[in-house]
Amino acid sequence: EAGVAQSPRYKIIEKRQSVAFWCNPISGHATLYWYQQILGQGPKLLIQFQNNGVVDDSQLPKDRFSAERLKGVDSTLKIQPAKLEDSAVYLCASSLERATYNEQFFGPGTRLTVL
Amino acid sequence: EDKVVQSPLSLVVHEGDTVTLNCSYEVTNFRSLLWYKQEKKAPTFLFMLTSSGIEKKSGRLSSILDKKELFSILNITATQTGDSAVYLCAVNSGGYQKVTFGTGTKLQVIP
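Just so you know, the sequences run in chain order A and P. Sequential numbering from 1 applies to the first sequence in our numbering. Sequential numbering from 116 applies to the second sequence in our numbering.
For the record, the hints were derived by calculation from the structure and aren't laboratory data. Check before you lean on any hint, since a few could be wrong.
Only part of the chain A face toward chain P is listed, based on derived beta-carbon distances under 10 angstroms [claimed, not checked]:
| id | residue |
| --- | --- |
| 1 | A20 |
| 2 | P61 |
| 3 | P81 |
| 4 | A88 |
| 5 | E103 |
| 6 | F105 |
| 7 | L112 |
Glycine included, C-beta positions come from ideal geometry on N, C-alpha and C.
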């Protein structure tokens, strides 16, 4: 079974530039999560999708971050414009829709450095 | 607001020692508690706990949940240098299976 795929693996940009990350979840997984993990901290949920609908985006900085999952499969997360404090690893995870007990499977992450 | 607190934040032990990592939580509509190991990349799943008092075991690692006191512990016996990692505790809660992570415990095992 293929795992969660993410690209790119690394990205370096200057502040005020734009960046986009891509995630392809495990086949059949209806729930998709984007997390931001700053060095030395636990992952912080940015947005959670159930199929192509958003169920939780309460911690997404909506003035600069956006995410979509148009066909209920893969997803993109965009930052525009980037700030220095956005430097972090962006993790994508997926889980089964009807899993009562939610084991998430994580992708390898995208390490973003904002200079 | 859901909260997950882990302690200690970091720990240095010698090979062969036994360690206990703690996780306490305050969430609405608890569903499960999960432990992950993170070694410079994506977290990898260790355990999922849903019932109080039932120990989950995998090799030298074990974990137990206390739903009355709202905490879990992760034990690692006979530690090895390969156990060096950040151990993350997460709680699944609410109708939409929200997952809240703690900040993690950084474990360093020295020879």
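> Which numbered conditions among the earlier hints are violated in the structure presented, ordered from lowest to highest?
Replying inline: 1, 2, 3, 4 and 7
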